[in-house]
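Protein chains in written order, with our numbering: chain G, 1 to 237; chain B, 1 to 293.
No lab work stands behind these hints, which were simulated from the structure alone.
For each residue, glycine too, the CB sits at the ideal point set by N, CA and C.
One thing to keep in mind: the hints can contain errors.
[What the hints assert, rightly or not] DEER-style ranges, computed between Cβ atoms:
{"#": "1", "chain 1": "B", "residue 1": "R288", "chain 2": "G", "residue 2": "Y127", "range": "36 to 42 Å"}
{"#": "2", "chain 1": "G", "residue 1": "R122", "chain 2": "B", "residue 2": "V242", "range": "55 to 61 Å"}
{"#": "3", "chain 1": "G", "residue 1": "N75", "chain 2": "B", "residue 2": "N186", "range": "33 to 39 Å"}
{"#": "4", "chain 1": "B", "residue 1": "G273", "chain 2": "G", "residue 2": "Y127", "range": "44 to 50 Å"}
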Amino acid sequence: MLESESALIELKDVEMEYDNGTKAIRGISLRIDPGEFVFLVGPSGSGKSTIIKLLTGEVEPNAGRVRVNGFSTRNISERQIPLMRRTLGVIFQDFRLIEKKTVYDNLAFVMRAVGASAKESRKRIPYVLELVGLEKKAYSYPDELSGGEQQRVAIARALVNNPATIIADEPTGNLDPERSLELMDLLVKINKLGTTMVVVTHEKDLVDHFGKRVVTIDSGRVVNDSVGGYVGGRIHV
Amino acid sequence: MSKHNFGYFIHEGVSNMFSHGFMSFAAIGITVACLLIMGTFTLVAVNANGLLKDLERENEMLAFVEEDFAEPKNLQSKLAAIPNVASVTFISRQQAMERFVEQYPDEEMFRDLDPNILRDRFSIKVADLERISQTKAAVDAVDGIAYVNASEEIAGGFITLRNVATVVCVALIAILFLVSVFIISNTIRLTTFDRREEIAIMRMVGATNGFIRWPFVYEGFLMGFLGASVAFLMEWGLYEAVAQGVSTSDAMQLIEVIPFKELWGPVAGSFAGAGIFIGVGGSLSAIRKYLQV
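The following block holds chain G by itself, in its conformation from the complex:
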């Protein structure tokens, strides 16, 4: 398999229905190439979160194929799920930091979880914290940081294991407009270093500001896929 082949994300004719009968995805096909920056937009309940769950292996498609960085998530074995997840970094709207651990320990914890030694952590964590501008906050606890800083810790945590792809689920949902712009700038900077970026957002202004590829989802279907900002479709904030 070519390097570029192993690092792409592909959904092919994917259908997904939850146990309660909700049809979340209705025949989506989507390809994200290595190094791309993609905004995933759409109204609440459109299926964006289900796409993230499909990419992280939390749910399996009922039909079609999902490939993530060389792994097919349909019928994936339990042993392979952790290996697939190591190719991804996930950022959540509510940060999901461990309150009882310092910034450094929040990062060391996820490095250790994938088998890195303490020595490797000591080398990698200062570099990542510098990248997100938090080198002086390494020994602070999450509740001592502002919302923007906490989200940057979450980005550092997503980055620290050097994943091929970062998936950010509403990363600016809890931030003011100025902090949101700063954070998105940071994600663009990380993308320029070679990491594929998939950002789920509701914020039309941000999407328009950056002029990246925008995939609009509605009622479980891709209704628009274009470059240069939000075009057509509906975005409900």
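Position chain B against the provided structure of chain G, taking the given hints into account.
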């Protein structure tokens, strides 16, 4: 499991226990309480069983020698060789008469009785009361024995009492054990619930189930072991206090409490085994639901 992970798991297990101090304290406290209740009940049962066995051993049969049998003492070795016979004591006519008179000190008419109206006899104690009928028949068959008196009904009563007591004890201990596992598993489940976010993050970054599970296993092991140690020390103190109370009480002079030094090994082993089983089992069962997907 690599060597540096082993050290990490132990470190995480220990530090998690301290960083979730209240819940750990609750889990250890419940382990102590459950082991203490089970242990106390078991020790009471062991002592009651010992007491019953002592009483059983006091149960004797009398083998009466034929009137004209010469040298009755010679029968002693034959009787002692019979299976299930624990001890044989010869009682001459004279001794039997003395005992009889002692039993009725106020009856003057018994004092001048001729000992020859009684027979020489052997007092026989058996090892296993359940086989008293076979033993009686074997004694009866010995040449020179006229007849045998054995309280088979009393022996049967003892056996029934001991069997019922054993079944009741085993059933109660099993129920207590299951209740303990349930309570402790739920307590650890609460501590795990407190940490579901950590587990979710570990899963999301690609930690294997084994990596997530091991610190909980060590934590459960440690909590179980600590709970068992505290329960053992408390049980020891409690037992000695009760034993002391029984030995100094006039009303309970007949009860002989088994010294703790004869019991500490099995008690320590059972407590450690049960504590670790409950701790590790409780942790594994509590974390299982968070490891799916």
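These are the hints, each one checked on the structure:
no., hint, result
1, B:R288 x G:Y127: 36 to 42 Å, "holds, 37 Å"
2, G:R122 x B:V242: 55 to 61 Å, "holds, 57 Å"
3, G:N75 x B:N186: 33 to 39 Å, "holds, 35 Å"
4, B:G273 x G:Y127: 44 to 50 Å, "holds, 49 Å"
In the structure shown, no violation is registered for any of the earlier numbered hints.
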